[in-house]
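**Student:** Residues per chain, in single letters:
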Amino acid sequence: MVRTQTELEAARHTLVALLEDHPGVLNRVVSLLRRRGYNIESLTVGHSEMKGISRLTMVVAGDDSIIEQVVKQLYKLVEVVKVSDLSDDRVVVRELALLKVNATASTRAELMQIADIYRGKIVDLATDSVMIEITGHEEKIDSLIELVRRFGIKEIVRTGRVAMLRGTAGVTKAEE
Amino acid sequence: MMSKGRSQPEPHHPVKERRVLNGAQIACEALLHEGVEVLFGYPGGAITPFYHALHDYPLRHVLVRHEQAAAHAADGYARATGRAGVCVATSGPGATNLVTGIATAYLDSSPVVAITGQVPTAMIGKDSFQEIDITGITLPITKHNFLVLDVKDVARAMKEAFHLARTGRPGPVLVDLPKDVQMAKAPFHYPTSVELRGYRPSVAGNARQIRQAAALIRAAERPLILMGRGVNLALAGGELRTLAEQGNIPVLSTLLGLGSFPGSHPLFYGLIGMHGVNYANRALSTCDLVIAVGTRLSDRTTGKTSAFAGQAKVVHIDVDPAEIGKNIGVDIPIVGDVRLVLEALAREGIEGQRPEWLADLRRWREEALESPRRRNGHVSPQEVIHELDVQSHGGATIVTDVGQHQLWAAQNYVYERANSFISSGGLGTMGFGLPAALGAKIGRPESEVWAVCGDGGLQMNIQELATVVQEGADVKIALLNNGYLGMVRQLQELFHERRYYGTALLGPDFVKVADAYGVPARRVEHNDEIAAAFQWARTTDGPVLVEFVIEPEENVYPIVPAGKSLEDMIEG
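The listed protein sequences correspond, in order, to chains A and B.
Everything in the first sequence is counted per our numbering, starting at 55 for the first residue and increasing by one.
Everything in the second sequence is counted per our numbering, starting at 7 for the first residue and increasing by one.
Just chain B, with the same shape it has in the complex (with noise of 0.2 Å):
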């Protein structure tokens, strides 16, 4: 559930209620009412009435480059914040340019709102100029949307899509506004409560299955807690560190649960799945309880699913019933906001010591330890990161592009806060990271934004730097350049002969190119260049990029071959 915990605005009322407005200024109002500051956007035809009421209102506008940074930024934004973000865009390609980022918040559950213009509603369906079904082809990766026929029907709208995009398991929200909706005229009246009798999603958990779970856990002798994203979102970090330290319960994370428990604490066994850590891999072959909390236990985390905590019991708490059973079989289904169910679930009493088992854990992670990073004379990556993690103190929002810098960025930065790590783990987005960082530096200005991006990436929506200069948004680029596709590069490496094909990249001058933009820029290529590049970045005022050229052929480690069980893992 977004609404707890949250500091919303103030909602601000500049017009009287009841005013005759245009569809326009109504939408506007409503972001108003919504207690929206900030949008992303891009204008075109059809939504140009839209744009000409915005003017007129305390809102910000921030003109991105392309589309699909827009519904990134306000993805970041909406990480970063635990608000709405909302994006804007015209008809036809400037709605479909947004697809890609909808999806991306879709997989990740961001509440995102997205408007978009329409054609006038008499030619819709007449394949005219920029008129495409955009309700149509964002049906399945909203998680409602609307095409709004009458300007009455505006606010309501508007206010729905708030109250679905933000509450249950969040998600994008669509609104598409054609001209002639946007130009006409109603009375302005905004709705104060939502009438939808086919959501009613669920808040406290059965209580029955809470007692059950309790029963579990305080029978279990190698229990864990599996957290995910909905940790995160539910800023449900304290309550669960409650419960963790009560049984004295060990911590895993999924990559997008990294940061709601902190990366520090003695009981934080860290990553699983896929380029997990190996102990915290063995650790849930051995267990005789999982407590997946907010996680959809996705194919990604889990591995092979029959051999997913092969000896445990499940017990699974999420707000999205859908997601309980789905993949993993479960003993204990809890459905409800993951915070009120720990905190419910931690007044059950599941005190316990379990010595044996963390003695287990401690042991496995030391031996991990024990083995050498790899070093030869280009940069190291992992180097990188950790380098980042000594001087921010594991305090700065790191924002992540896809790829190989994912990994290395979620493995060697110890992460304290909630949703400090912003990646896109679902849907797997190539350039998210540099427009994401964007939306997560102008929801969070005082917090130092990292884009962790490669060379692959960046160059996707790298145009965004014009956007980062003219905002004056103070983003930091880390950029790892191998010049390669460096994921594919590596899966061709380990399961396809090694045969490099369609994955070298010859990059641009990238220093030259950030300077083009105005971002001051800076190249490393030796590890011991790395500590004074990030004292240079982290003490210049605005945005800068600093390349690392790294080891073209470094892979992540450990990894699960795609369809293998979680013990299968190969180590580098």
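For reference, chain A alone in the conformation it holds in the complex (with noise of 0.2 Å):
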């Protein structure tokens, strides 16, 4: 089946879960997500402003009844504390990237020039490469990666999705 960009979009959800930070919670998590067979296109973690809690961001692919179920799944997991879904407007997305490119002396102004307009830093330089940082959407990361492409790219390492609430409300403050 073939779908549409917004089809796709919809049927992407962004799930953060606070974990119990005790070794092996990530397997357990990890472990359950791929012997169900849930699609998941991103995962990271790492503390969150309590004790003893980490908070993990993931995004999976799938229709309302797979997300229902992913949930529910996570929240069998005895040191998983709370699964949210933030998958609507109101919420902050970002992913962090950087990219390490071929830059000669007749280039570098040119890469600085679009890292710049992408609101990217160069964080690094060598005599035949310049290495980017750039924080946003995915979208705007893969934009700038297809940008830069015709430079040569020596190496690309990108974090996954975060995300947060906007406003006062969030995932943890339910939780005291």
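The set of hints was computed from the structure by calculation and includes no laboratory data.
We treat Cβ as the ideally placed atom computed from N, Cα and C, and that holds for glycine.
Hints should not be assumed to be uniformly reliable.
Which stretches of chain B does chain A cover? Using the computed rule of at least three CB atoms under 8 Å from a CB of chain A, they are [stated by the list, open to error]:
{"hint": "1", "region": "143-151"}
{"hint": "2", "region": "193-206"}
{"hint": "3", "region": "323-334"}
Reconstruct the complex from the two isolated chains, following the hints.
**Tutor:** Now the structure itself:
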């Protein structure tokens, strides 16, 4: 089945899970997602503002019934404290990428200009390359990558999506 | 919820709190605090400190002959008693041998606590002798598991393990104890409560959804109750019966729901699913409301999901929210302890008469029962189970292995009591029957316990005859011997051009085998010997084995081919 871009975006959910910060918790989550065949596009995890609680953000593709199962199955893990679906408009979504791009003395200026337009930063320089740091929505990063491809990309690293609700409300707030 | 209506023995406190104990002693203290009386286990190097400590505690240790049997026996014990079953094994192969038994318990939501030895913490991750990552291996087949790296955490891990195993949707929990943690010392204090931020099982159902469900029931002309293992687990048979009688609602059962509603009750219309009776499957296709209670609506129960109860609305009651809407679309979901939810539903008032619907069902059943049983020279397996039912008045605990005999045992015995049919329904584990029967008998010594096995499954754990004898466990064994892996042979007959390959079993002389283990045994080769054989078995003290030499190509009917709708059943 061929899906339009809008359908794809609609089928893509940003889930945030709060996890007990115990050894092996990430393994439990990832093992669950794999064995039940869920389609994970990105997954990122780090500390939250609460002691002993990690915050995991993942992008899952699937229709509503699949997403409902993902959420319920995550809740069955004893060390998963809370799961929220942050898929509405009131969310700030970001990804960070580092790009190492071929740059000679003659192309360096143009690359710096492109990075600037994308509100990227040059964070490292070498004789034949530059490293660009960029944050933003995935599409913005995709677009920058396309633009600098003709210079020759040596390396890319992307963090995967993180997300946070706008306004006072938060996914961790309800927990306390 | 396992906490309701169970008789838990008084906690035992032999050692004054705050004494300094080693990890092994702390684990034993925890077992006493949790009311454990018996462990099924097999020792080995990494668990020796635990066994050293165990010797000083008033806990019965049943030494099995293979760790798989320890897990099955703990499972059988749990199913028979409603209490947590405990099994113990050493690290490495001891732990991996538990895996099939743990998975069996997981698929059927049995409260089992497995304790394994592990290599000392400093040797973990170095491929040490008998080292295996058992918490990693059992991750997908336990409700939760623990690798305890500090002796100070042993008591808490044990407390949480039992809490998790028994509450909410029960399930197996594994506690892995490295040898140095078993030997290290710490002040002992057993926690009185657990703090698990991410674990809060729902108990009472949502009141609004219960009211909506009651309204649907009142409006239904052709409602059905479909009960599953959850009703047995919650001991909610009484509440289910009240609801069924109040609304004159026929009751059907999944394989593992059997027993929670009396099989002889006029509203009981039998087993549904792949090998369900035809009138039950027919009722499902015709009904306008299904009240599914404590069932995960597995593929063996529903057949093709798109055709399941095609004309019906569905009310689904289960303690595990993830089961609701997983396989079958639901109109009213109710998450909660099925016992409390059924009680609340009955209070809403769902009285109804439904004479036409009940008359239809009665007629379908009568039509089905008119078809005569097939007879030939061999012993009829259906007749064997029927005779056992007649002689034991439906009061025995029937523990089966997996295969054709399992379905004959489900179809031909009239289960009157909760948890009186014990069987591996989800994982379908051959080798389950004998060790699970041992566990059931030890848990329920006053009950007549029968292991009903085929010749394939019995041979998978036949070494447990030695355990049965050593423990003096009065387990009766009915062996239905057809010289085949009968269920697979049946599939080959029906769906693979009758090419019998890899299914013929040249068995031993089972009477001699039993005799060598010290188990009195008889062989039955004619239908007219069945009754006398059961009389002999039931009046003989201690374990016995009766081998019934049955028709080699007898089939289980009806059968719904895998992936087909329940209406596509094949009848013999």
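**Student:** Decide, hint by hint, whether the structure agrees.
**Tutor:** Now for the hints, and whether the structure bears them out:
1. 143-151: Holds, because 4 residues of the region 143-151 of chain B bring their Cβ atoms closer than 8 Å to Cβ atoms of chain A.
2. 193-206: That given contact holds, which follows from 4 residues of the region 193-206 of chain B lying within Cβ reach (below 8 Å) of chain A.
3. 323-334: holds (count 5)
The earlier numbered hints are all upheld by this structure, with none contradicted.
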